[in-house]
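Asker: The primary structure of each chain is shown beneath.
2 protein chains.
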Amino acid sequence: MGDKEEFMSRVNDLYRFEAIQGHLGWDQETIMPAKGAKARGEILAWLASQRHDRLIDSKLGELITKLEDQNHDDFFMANVREMRRKYDEAVKLPTEFVSEFTKARSEALIAWQKARSESDFSLFAPHLESMVKLTQQKVEYLGCESTPYDVLLDEYEVGMTVEDYDPLFSGLKKRLVPLLSKIMDSNIEIPRLPEDMTFHVDGQEEFCKKVSNAMGFDFDAGRMDRSTHPFCAGLWPEDTRFTTRFDEKDPFSCLYAVMHESGHGLYEQGLPRDHSYSPVGMAVSLGVHESQSRFWENQIGRTANFWKIAMPWFKEEFPDCPDWDFETLDLVANEVKPDFIRVEADEVTYNLHIMIRYEIEKLIFNGGLQVKDIPSTWNKMMKDWFGIEVPNDSLGCLQDIHWSMGAFGYFPTYTLGNLYAAQLLQKMVEDLGDIDQIIGSGDWSNMLDWLRERIHAKGSLMTPAELIKSATGDAPNPEPFLDYVEKKYSKLYRL
Amino acid sequence: MGDKEEFMSRVNDLYRFEAIQGHLGWDQETIMPAKGAKARGEILAWLASQRHDRLIDSKLGELITKLEDQNHDDFFMANVREMRRKYDEAVKLPTEFVSEFTKARSEALIAWQKARSESDFSLFAPHLESMVKLTQQKVEYLGCESTPYDVLLDEYEVGMTVEDYDPLFSGLKKRLVPLLSKIMDSNIEIPRLPEDMTFHVDGQEEFCKKVSNAMGFDFDAGRMDRSTHPFCAGLWPEDTRFTTRFDEKDPFSCLYAVMHESGHGLYEQGLPRDHSYSPVGMAVSLGVHESQSRFWENQIGRTANFWKIAMPWFKEEFPDCPDWDFETLDLVANEVKPDFIRVEADEVTYNLHIMIRYEIEKLIFNGGLQVKDIPSTWNKMMKDWFGIEVPNDSLGCLQDIHWSMGAFGYFPTYTLGNLYAAQLLQKMVEDLGDIDQIIGSGDWSNMLDWLRERIHAKGSLMTPAELIKSATGDAPNPEPFLDYVEKKYSKLYRL
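Going line by line, the protein sequences match chains A and B.
Take the first sequence: its letters are residues 1291 to 1785, numbered as in the numbering used here.
Take the second sequence: its letters are residues 1291 to 1785, numbered as in the numbering used here.
Don't read these hints as lab results, they were simulated from the structure.
Given the structure is predicted, the values throughout are model-derived calculations rather than measurements.
Check before you lean on any hint, since a few could be wrong.
Only part of the chain A face toward chain B is listed, based on derived beta-carbon distances under 7 Å [said to hold, decoys possible]:
| id | residue |
| --- | --- |
| 1 | Pro1323 |
| 2 | Lys1325 |
| 3 | Ala1329 |
| 4 | Gly1331 |
| 5 | Ala1335 |
| 6 | Trp1526 |
| 7 | Glu1528 |
All C-beta atoms in this analysis are idealised placements derived from N, C-alpha and C, irrespective of residue type, glycine included.
Use the sequences and the hints to build the structure in full.
Answerer: Shown next, in the form of structure tokens:
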């Protein structure tokens, strides 16, 4: 076996272990019986160690070094590049450190759950301090060429640094805060759906599957199931599964979760199949993944033209529902309200929620902010930007799971997703013409084809920023997003 | 790490791969989207090769040899004994032979499906010839100390040979054929359920789950799903999953499938958890497994007293169903009819179906029967024993999947299951008293406890025959089964 073949064989094996972890993780979140949890945790830990052993094998390191100096096709060289990154990171972290981190994380997760449910930051604080300290240690192991927070940001969106994010976020803040305040001053009354109606789960399921199918999700190569928190997992070639949850009083909650997760699912279903079980065959980043989900959820789903198409499907399942017009539905789906919870936020306030997290993470890792001062810092920003007083930490700095998992640097990728989606939409309009007309035609295949060709089929051939540049002609930037929200919400709120 | 620890670590890893294969196999049969089949086949083949590489590792062989000469506790020594068997068999088969066999089997499976659907034996014959030839070669590789068929029988039920089976089957035939002919001559009219009734799937599911739960199946440590052919898989510690299928015209078909599979499931749920991921922690044999499923399906489920308990549950789901009395239901559930299809056979004819397959397999491997002569041999036996003419090979020698998979020697374990179940029932009555009264009380926990202690908790500590001897006091034999069927059916058919 030549070097090239041996490298690919090792990489494929590594990713087969990852795929099995993914499948058993999906099963755990959806259908596993309760008592199976202990054995599942054990087998997942075993799989992680099997994968890790293969990743830090010095023979793999030697192969990467050899192949880096050779010339092969772009897809192959992208695999070498990605494996270099993964290999270096893995060998830099001592095994004892990895287990210490894993252990601290399990404990922090449990403490966070308790702290959030009791809204008592002091229960979480010592664990958060550990996670911060261990993360600082991790940064040292990985080696820090610029600021410590840059090392963390790079983990979740390769190539993105504080220098890139700062102007993005300040640009957003500069235009979003005034927009928000204008919306708050407007006198638009948001209609309410009748409170006494109930929407049975079977009907919601049928309706949502019809929408997902119309988006192009292939149910012969995927599934929709239920879980506490919706998610999507591209388990295997031709087997992509997403989940949702149902609220009998609010059918829109499930709908937009399904459109969001189907957007992720379409990306997974469109990845280059010839490169399965290797990095270049995988989604390139969290930010780009989020751009696909947000595109379908917001730019397509939260429009009057979407409802023109979807309302008859909804009526098929719920013939007794009131005769809402499309404009009403559009307003209901796009209500703007400064509120406490990120995951329930509208398009205008969402990125401000992210920015609070970004600024606090930057302060922790680059500015010496103490864990004990997080709640007051958080609450002050909410007051300054949203104009609301955080009544308790459950509705404030305890709301998200990420820090308990040591996932510092993750949040900004959500904002990147929103920005990328707007950039893609702008370019798509240039290429395909009036988007409202396309949405209203009910045939969305040309939009999917466009995304397939420019995003999905590229896998991890380029870095995220290069991919966005190649797809839209522009580097990642906030202008298209700001133009989009200003135009959309000025019209909706008659500003 | 000492030898003992290294041995166990290797064994555990091997069985972790097996468990993953099991999980992905379960998923494939139940919920996998259609297009996922190709990737699933590939990953299962990869897992099989990962497992095989670990099994034939000479270091494992050395450890087994060392440990065989040492004294450790019974469970550990049973693991050494079982691994010796598996290791020896695996190293005796050349890798090329294993892949040739696997390839021929896939082709034979496809050919069999086509042959059966078109009822054309000639389409299957050349593939069946290959499977026979490869199996003969396998016997040579494994080494044959007595007859070739003995080598095959031993694969599926360790320790059982032609010398053991011949008297079992001739004993069965001697008393079952006259019993069958007396039943056929009787004038008992079997009542028919009304043909115009429909039993909705949700109600059947609720009812069947209630029955399974009453048997003791723990749904917090297991699931019931759907698949084309019902099966049970003890996937993980505390995660056992069985399947069923629904027929809206016939609620009993699903019920008895569920009782059968729940019986398998109870065995899996009762295995010694301290020995997970090692052979001694697994079910000891196909025959013993089948004894657990048949016990609940037939000895418990197909009785008037069972219906006394279950009818009110059935009525809850289907309040409009007629007021059948328990004796009527008993007769309906136990209709005896010489017919063509094994899987639909009653308790009296079932083992005669198995015996035909046993005799033909014996003739192929020990007597030189040619593949081309199988249909005529089969049809003659059906005529002689059942008194019926096989109209086509789909209803004859093409009905079962086993030969297409090269699983020669498997069928007799079904009969062992029936015999073991009757032996266990006989002993249980000695220990617990009148079984009809227990069934009619609705509290079946003492029966399950009895099986847990004597069968389930033993795992693979002993050989199947030793286990039956230790549980019942008697070696495997057909007398209790024959006494049981003669008594049961004489009463039902008033002979």
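Asker: Run every hint past the structure and note whether it holds.
Answerer: Hints versus structure:
no.: 1; hint: Pro1323; result: holds (6 Å)
no.: 2; hint: Lys1325; result: holds (4 Å)
no.: 3; hint: Ala1329; result: holds (4 Å)
no.: 4; hint: Gly1331; result: violated (11 Å)
no.: 5; hint: Ala1335; result: violated (11 Å)
no.: 6; hint: Trp1526; result: holds (4 Å)
no.: 7; hint: Glu1528; result: holds (4 Å)
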